[in-house]
Amino acid sequence: MSVALVRRPLSIARAYEELQRPESGGVAVFVGTVRPDRTRRGRVVALEYDAHVPMALAALEALERRVVRRYRLTGAVAWHRLGVLPVGTAAVIVGAAAPHRAAALRACAGLIEELKREVPIWKTDRARRARRRRRPTGRPRGRAAGSRRAR
Amino acid sequence: MSVALVRRPLSIARAYEELQRPESGGVAVFVGTVRPDRTRRGRVVALEYDAHVPMALAALEALERRVVRRYRLTGAVAWHRLGVLPVGTAAVIVGAAAPHRAAALRACAGLIEELKREVPIWKTDRARRARRRRRPTGRPRGRAAGSRRAR
Amino acid sequence: MPGSVRLLLFGPAREAVGRAALDRPLAAEGATLGELVDAVAEEFLALRPVLQASRLAVNGRYASDRRLRLAPGDEIAVHPPYSGG
Amino acid sequence: MPGSVRLLLFGPAREAVGRAALDRPLAAEGATLGELVDAVAEEFLALRPVLQASRLAVNGRYASDRRLRLAPGDEIAVHPPYSGG
Numbered sequence: 359m360s361v362a363l364v365r366r367p368l369s370i371a372r373a374y375e376e377l378q379r380p381e382s383g384g385v386a387v388f389v390g391t392v393r394p395d396r397t398r399r400g401r402v403v404a405l406e407y408d409a410h411v412p413m414a415l416a417a418l419e420a421l422e423r424r425v426v427r428r429y430r431l432t433g434a435v436a437w438h439r440l441g442v443l444p445v446g447t448a449a450v451i452v453g454a455a456a457p458h459r460a461a462a463l464r465a466c467a468g469l470i471e472e473l474k475r476e477v478p479i480w481k482t483d484r485a486r487r488a489r490r491r492r493r494p495t496g497r498p499r500g501r502a503a504g505s506r507r508a509r
Numbered sequence: 359m360s361v362a363l364v365r366r367p368l369s370i371a372r373a374y375e376e377l378q379r380p381e382s383g384g385v386a387v388f389v390g391t392v393r394p395d396r397t398r399r400g401r402v403v404a405l406e407y408d409a410h411v412p413m414a415l416a417a418l419e420a421l422e423r424r425v426v427r428r429y430r431l432t433g434a435v436a437w438h439r440l441g442v443l444p445v446g447t448a449a450v451i452v453g454a455a456a457p458h459r460a461a462a463l464r465a466c467a468g469l470i471e472e473l474k475r476e477v478p479i480w481k482t483d484r485a486r487r488a489r490r491r492r493r494p495t496g497r498p499r500g501r502a503a504g505s506r507r508a509r
Numbered sequence: 015m016p017g018s019v020r021l022l023l024f025g026p027a028r029e030a031v032g033r034a035a036l037d038r039p040l041a042a043e044g045a046t047l048g049e050l051v052d053a054v055a056e057e058f059l060a061l062r063p064v065l066q067a068s069r070l071a072v073n074g075r076y077a078s079d080r081r082l083r084l085a086p087g088d089e090i091a092v093h094p095p096y097s098g099g
Numbered sequence: 015m016p017g018s019v020r021l022l023l024f025g026p027a028r029e030a031v032g033r034a035a036l037d038r039p040l041a042a043e044g045a046t047l048g049e050l051v052d053a054v055a056e057e058f059l060a061l062r063p064v065l066q067a068s069r070l071a072v073n074g075r076y077a078s079d080r081r082l083r084l085a086p087g088d089e090i091a092v093h094p095p096y097s098g099g
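Residue numbers (the numbering used here), protein chains in the order written: chain F, 359 to 509; chain C, 359 to 509; chain R, 15 to 99; chain P, 15 to 99.
Just so you know, the hints here were simulated from the structure itself, not pulled from any lab data. There could be a bad hint or two in this list.
Quick list of the computed label-pair ranges, beta carbon to beta carbon [to be verified]:
id	chain 1	residue 1	chain 2	residue 2	range
1	C	Glu476	R	Arg20	57 to 65 angstroms
2	F	Arg396	C	Arg423	27 to 35 angstroms
3	P	Arg69	R	Ala67	35 to 43 angstroms
4	F	Glu419	R	Arg20	23 to 31 angstroms
5	C	Ser360	F	Ala420	35 to 43 angstroms
6	P	Glu57	C	Lys474	27 to 35 angstroms
7	P	Asp79	F	Pro367	29 to 37 angstroms
8	P	Glu57	C	Ser360	35 to 43 angstroms
9	P	Arg81	C	Glu375	29 to 37 angstroms
10	F	Arg424	C	Pro380	41 to 49 angstroms
11	C	Pro380	F	Arg428	29 to 37 angstroms
12	P	Gly48	C	Ala420	23 to 31 angstroms
Backbone N, C-alpha and C fix where the C-beta goes; we use that ideal spot for every residue, glycine too.
All chains, full assembly: derive it from the sequences and hints.
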């Protein structure tokens, strides 16, 4: 079981390592990435993710415990990245492992649904700001902010 | 879009690379691994996967095209490994990318359901044989068989 | 700051105020959660609609009772609707 | 083998016969899919129940008509229920 709020890139390979156990017949992973949505201020080039860290970690842990129990999972991850993330970047990875595929798939969908509903994390559109500062859109500011793990 | 039957290890990181596009807001990946099921002949230590390769590739392609159209996916993968795979090894990876998460998650579940139903691939339990030959259970025979890509 | 409380502003609340945190002195006789929030809404007009849609938390726990008495050092978090993921 | 056809055996069919493929000569006047399958079922008792649950494919296409006339070089695949994934 693993929850995290991090300022460095999320790795699906690392999430899979965390989930893979001999008794897991099925591992489902969902990655949510920053989309180039159109807004009134222009096309989104980056989103900034912010969290109320201690409450968000507690909410992630409660969510994970609940989903693990409900679907009898052998493993679960719920990792969210914080900071300014350019379009295409992975912002969230959730995953579930279970002896059978249906439980893993349903649990994975449940994790992302409930994460969005229950965990104090917010995104703010950085389209305009990125343009005004003439920052190259490909440059991930979040990474430059340091790679500290929130816990 | 990518289908494959391979004799080398499957990589979830490579599947994600294949799926990740700026316009994909959600990427869902499912990995099916060999479980240590109990059978009449003892506990499974490995499964052998075999396919009718040309028909299986055609079925995978048809399946992928159908699911991509049905869920308006921006990307899809359906990769299956063949050969003798010890418990814990990834045998299949399917994945779907879409602008929104619900489509990606539903398409991913659909891919694995329909793959199991429609694609001429078979597993055979290698519990007894593995024991008789005193092959170390951790050693993946499949890998030794060569890493040729089926196409 | 002794004798003061800190407001933590997230997402749209932070955008409305232009800051992530505000320190506010407590009245000598103490003040309630409702009084603090009303004072801040008075000060930052753009924060009002956000506050109406937000949940509040005091020291890491959700608090819905506006009569809750605040103590020096309390952290009051303004949680607009979540939008992570 | 000229004048012969090849049976491809997968999964439980391969297990029942102990081989992945069988070459069989075609009768001079030709033979049908049904005749070939019946002859093989006669030869390998363990294959009978598997054949009943299997689909057949000829040269990569599913074939359900037992009267289908076979030609030298044809590949007949025996597909028991799939179990991949």
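These are the hints, each one checked on the structure:
1. C:Glu476 / R:Arg20: 57 to 65 angstroms: Hint holds: Cβ distance 60 angstroms, inside 57 to 65 angstroms.
2. F:Arg396 / C:Arg423: 27 to 35 angstroms: holds (29 angstroms)
3. P:Arg69 / R:Ala67: 35 to 43 angstroms: Cβ of P:Arg69 to Cβ of R:Ala67: about 58 angstroms, so the range 35 to 43 angstroms is violated.
4. F:Glu419 / R:Arg20: 23 to 31 angstroms: At 24 angstroms between Cβs, range holds.
5. C:Ser360 / F:Ala420: 35 to 43 angstroms: Between C:Ser360 and F:Ala420, where Cβ atoms are some 38 angstroms apart, the hint holds.
6. P:Glu57 / C:Lys474: 27 to 35 angstroms: holds (31 angstroms)
7. P:Asp79 / F:Pro367: 29 to 37 angstroms: Cβ of P:Asp79 to Cβ of F:Pro367: about 57 angstroms, so the range 29 to 37 angstroms is violated.
8. P:Glu57 / C:Ser360: 35 to 43 angstroms: holds (41 angstroms)
9. P:Arg81 / C:Glu375: 29 to 37 angstroms: Taking Cβ atoms as reference, P:Arg81 and C:Glu375 lie about 50 angstroms apart, which means the hint is violated.
10. F:Arg424 / C:Pro380: 41 to 49 angstroms: violated (33 angstroms)
11. C:Pro380 / F:Arg428: 29 to 37 angstroms: Since C:Pro380 and F:Arg428 have Cβ atoms about 34 angstroms apart, the given range 29 to 37 angstroms holds.
12. P:Gly48 / C:Ala420: 23 to 31 angstroms: holds (28 angstroms)
Consistency note: the structure conflicts with the earlier hints numbered 3, 7, 9 and 10.
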